[in-house]
Each structure stands twice: as structure tokens, then as C-alpha cells.
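Trainee: The residues making up each chain are set out below.
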Amino acid sequence: MNRYDLNNNQAIDWLYSLSFASLITFGLLLFSIGLQYFINISVIVPSWPLNGLVIVLITGVAAALAFYRQRFSFIAWLCNGTTLLPAIVLFIAILIITVFFSGHDVSGNNIVFPDQCQLPFVVSVLWLLLVLSLSVIRMLFEFNTNNIAILFIFFGLWIVLSAAILNTGDYQRLTVNVYEDEMAETAMDKYNNVIQVPFRMRLNRFYLSEYNPELAIVDESQGKIYRREDFRADSGSTGYILDWEIQVVRYISGAWKLGSIFYPLNESGSAPAAELIVRNTSTQLTTDGWVSCGSNVLPQLRMQLDNSHQVAMAVPDPREVKSYLTILDAVKPLNIITSVNKPVAFDGWKIYQVGYDIRKRRWSDLSIIALVKAPWMPLIYAGLIFILAGLLFFLVNIFLVFRKYDVE
Amino acid sequence: MWSKFQYYLPITLLGWILALISMAVFRKKQFNFLNVFLVLAGTVPMIMFIADLWFYLQTPPFHTVDEAGIWLSVFLTLSGLLFFLVYGVTWMPMMCIVISSALLIICFFSHQGFLKYLLPVYQSVWFIIHVAAYLVSIALLIISWLMGLRSLVAVYAKRDTKLFLLQADQMVISALVFFTVGLLSGIRWSQQAWGWWWLWNGEELFGLITGLAYLFYLLLRQYLPNHEKLQAWVLSLLFIFSAVSWFLLVNVTG
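Sequence order for the protein chains is A and B. Under the working numbering, the residue at position 351 of the first sequence is numbered 351, and the numbers go up by one with no gaps. Under the working numbering, the residue at position 11 of the second sequence is numbered 419, and the numbers go up by one with no gaps.
So that you can see chain A by itself, here it is in the shape it has in the complex:
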């Protein structure tokens, strides 16, 4: 690992490798872009076991090549870590070209996962994988404790890349719309095909709590909204916006309007409402009244201050969203609570709270659940931990080199 002790032959070897690998990489770039241009196809990442086979195949080829590295010097050049340099450049270049020049993301469309990849991307990923495999296998053949940092980083990268290929092929995501007291029997996959759910679920209750909403002054003539970041409709609080002092007499999170007054009634369709006293600090004129952001049943209500200014209530932000579900296909019915950031695992799937009827907000009787299978995630974490370990080794090593240099 110590760069300053290397002999001249090795440095020249590395230059040969670099030039050779750069040539191949440049060729691959031209070839893949040309191919994409002429036979515009996109590759779908296969699922298990085919994706595993691709990785085994590439690693196998790498092992075979690495075995004969002493026979042919160009194979020896390929097995060098140096080849990774142009491979990284190729990968970055293709990412930038596809994203910035073609206006696509790497997947070629807007599906968030690149399970339909363009050819140059596929070629650059596979080339990176081959080069990584070659370097790792060579380093394992010629194990040297000096190389341990680079070995860990390369091996970590190899794991992450392989796991990413595996996970892209095997990732499953189903969206289930389930209504309160009803059972979900169908789900939608990522191409919006309706399929049967892997296990039946009943939504017992959907729960959403909200923060108190923001109060703002709307200037209709200029189409501007003025707000104070820490001013919310909290009972008893006072806020100052523009020339107005806004005093919140009381805030009701669930209210119904009777005549011109709101009364607390926590029933489906009720809306947040606040009673305000607003004083203009320059004219001392005082107005009072109600504001409400409305609900799917009640209309929005603003409070007129003068010809162009109104006080308005923003739609409250959600604080906590969760679903009380019963899984019916378990050994015996299983009650679970899934909330945002706290998915529940069942039968290889993870159950996520992803949405609700945004029109009805806290009165939503619909809960949108995602069922996700990402079987190779542990490998991705493992790979990243390997990279982290390699970097830490590297750091220690560089400090040692530095101390040596400092002493000299």
C-alpha cells in the first residue's frame, strides 16, 4: 500500500494497465452509445435466478482471467486496480450523459428504479463489475496485508454493485388501497397492473393527527401570502403580521358551522376553525370573526380585514399517520399498526403506510399501504460497511505514511 516504496517497474506496469483499460473503456463507451443509437432498446434487469447468474458469470470469467494473468501480460494489466480508474470515469460520464443530455433518467423513463436501463448504462455497470471482480480476485490470489484497505473498498463496492443488480431485479412494490372496515383483495404493481394481494388485510382504523394550522394574511390584489414561521392557530396565542395583531381566542380542531359561529363537533367532515380578534396597529381598528381551512364537506372561510387583505388558515400538516390493520392470512388473524417510518415485516414483505385520501385528511376512510420486498438490502448494507472499514484502514495507513514523511 505504501506508494513511496514502489519500484519503478510497478509504476510503469500501472501506466500500461491504465492505458490499456482506458482504450477498452473508451471503445465500450462508443460501442454502447452507437448500439443504443441504432437499435434503441432498453434492458430489463432480470429477476432471480437470472440476475444472480449474470453476476456469477462475470465473476467466473474474472476468476478464469485472473488465473491466467501471469501467462498474458494484457490480462495482468486488466487485473490491476488501475483499470478501475477509467471504469469509474465511464460510469460517471454515462450517468451525466444520460441524465443531462438526453433528458432521461438512467431508466430511460420515469419509473424510479432503473429496471429498464439503456445500453450504455448496462455496459458501464457490467464493465465496472468485471473490473472490480478482476481486481478483488487478483488481490485475493496475491494476498498482502499492505493492500487490505483497497481490498476492503473494492470488495465492498463489488458487493454493493452486485446487490444493487440483484435488488433491482427482485424488488417488488405493491400498492394496496384499503378502506376502513373493509378487506383488501387486490393490489397494484409498479406498472399499475391489478393483481391479487399476497395476503389479505382488513383496515380496522385509520388514524391521522395534525399540527395546529398556520395563520397567514393574504394580499389578494398582489397575490401574496404573508406569514410568520412560528405563528400557528394555538388558543391564546398572538401573532404580528404586517400591520395586524392577530389574537387567537380559541382553536377548534374539529368544528361545524352553525349560522356564523363554529361549534366543536368531532365528526367526519368537520374542519379546523379559529376565532380571531384582529387589531390594526396603525388605525387601531379591531375586527373579530372566524377562519377555517375547510374540509371535504365545509367550505374554506377567510376573514376580511380591508379591501385587499384577508386572514386565512392553511391546511394543517400531518403529525402522525398510522393504520390499524388485521392480517387475515396469518396462522391466526394478526393485528398490526403500521405508521410512517415504522414499517411492519410480515412473510418477507414490509408493510408501509404511504398515503390516504388527502381530500378528507384526518377523516379519511382510505389508507394506502405499500407492500415492499427488497430481499437484498442486507447485502447492500454489508457492502457499505466493508467500504467504511476499508476507508478507516486507509485513514490509519495514510496517517502512518504522513508520520513517516513528517519524521523525514
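Calculated directly from the structure, the hints in this document are not laboratory data. Do not rely on the hints blindly, as some may be mistaken.
Cross-link-like lysine-lysine pairs, in silico, DSS-like; alpha carbons within 27 Å at most [stated by the list, open to error]:
(1) Lys436(B) to Lys404(A)
(2) Lys637(B) to Lys404(A)
(3) Lys224(A) to Lys412(B)
(4) Lys190(A) to Lys360(A)
None of the values given here were measured: they were computed from a predicted structure.
We have chain A already, so just place chain B on it with the hints.
Mentor: Then chain B, alone, in the frame of chain A:
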């Protein structure tokens, strides 16, 4: 609460300006104590503001661009100070202070403020680790970039660059350590919140490109040890990637 920033900011800037003057005038080792004291006299009030904000929000303030900017300025100044304490280089903390001051002034005028009422997806410890680790990583990358520029100057002045590049290496590797921690926690957060682990959006894409580009630099150092001019150029130019990442982040959050 955000209005308190206008009281903390002048104290910080005053401390830092005094530190700049002191570092420019008193370069000898016996004044180290004074210099460190002045840098801290500027930085501690900003840390107190963060603590104040944290206490008020009852969650670590990591959710808006302004909050991130304040953290970055603190991380950057402290990293610069550490660099000064380890290597005795006075220009590094000075540059860091200049950049940090600019960041704080931008924050003061941007009026993004803070976010108290967090949407459920942001109520995650992984998100906090993710942002904090990335900010430390960016601070260290800024220092490595300054070292890159220093090496470039040394290359063209026909001076020895070995020392500068070795110091830069330490910064780059430390930055990559935090970067990897940020990546791990970010993937964990995204997986817990939505069940995605990687979306090819601009922020993630450029994050990945930045990580790979700095790995490229490290390998360049490893495999082409005698091409110091090339290394210095690469290190100086690579910062473009992290800068783009930062602006994308600002855009996304903004």
C-alpha cells in the same frame, strides 16, 4: 425564534474577524492560544444558537437550508481549527472562517428559517444522521479542495507538493468516511420511510457521482503516485461535483 439569529450572528462575526486579524498578525506558535480562543469565541455563540434552536424545536435543527448552512459553517470552522492545531497552518482556518462567514450571511438574508412542524417522514433519527454526516463530509471536502488549490500553487511555483497532497488525502478519506455513513443512514432512512432505497433523483445521482469521483482521486494517488500535477488539478476540479450536490440539495429542500 429565528429573530434571535440577528443577535448571535454579530457576536460570531466579531469573534471571527478578530481571529482573522490575530492570525494574520500573530503567526508565531506562542500566540496559538490567543488564535484558538478567538476562533472559539466566534464559534461558540453559533453553537449556542443551534442549541437554543434545538431546545425550541425539540428536535435537532437539520431540516431547512438555513439550518444546514449554520451547521456547515460550524463544522467547517471547527475542521479548519483542528487542521490548524494538527498542522499549524494558519491560512486554513482563515479561509474556513471566510467561507463560514459568507454562509452565515447568506443564511441571514435567505429567510428560510427553520421547520418546527415536521412531516412524519422527517421524524427519523436516520435522517438526522444522514444530513449531519453529509454536512461534515462537505466541510472536509471544502478543506481538501483548499489543499488542492494550495498544491496547485505549489506545483506551478515548483515547490514540493507531497506534504500538501498527503494532508489533502487525509481530508478526502475522512470526508469519504462521513460520506459513507451519510449514504448508509440515508438509505436506511429512505427504506424505513418509503421502502425505496435508491431513487435516481438529482441529489442522489450527484451524491453518487461525488463519492465515486473522490474515490477516483484516491485511486489516482494510489496508482499514479508520481503525477502530482495531475492529482492537484483533479482535486481542485472535483469540488465542482460536491458544489453541484450542495446546490441540488438546496433546491430540493428549498
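Trainee: Hint by hint, which ones does the structure fall short of?
Mentor: none
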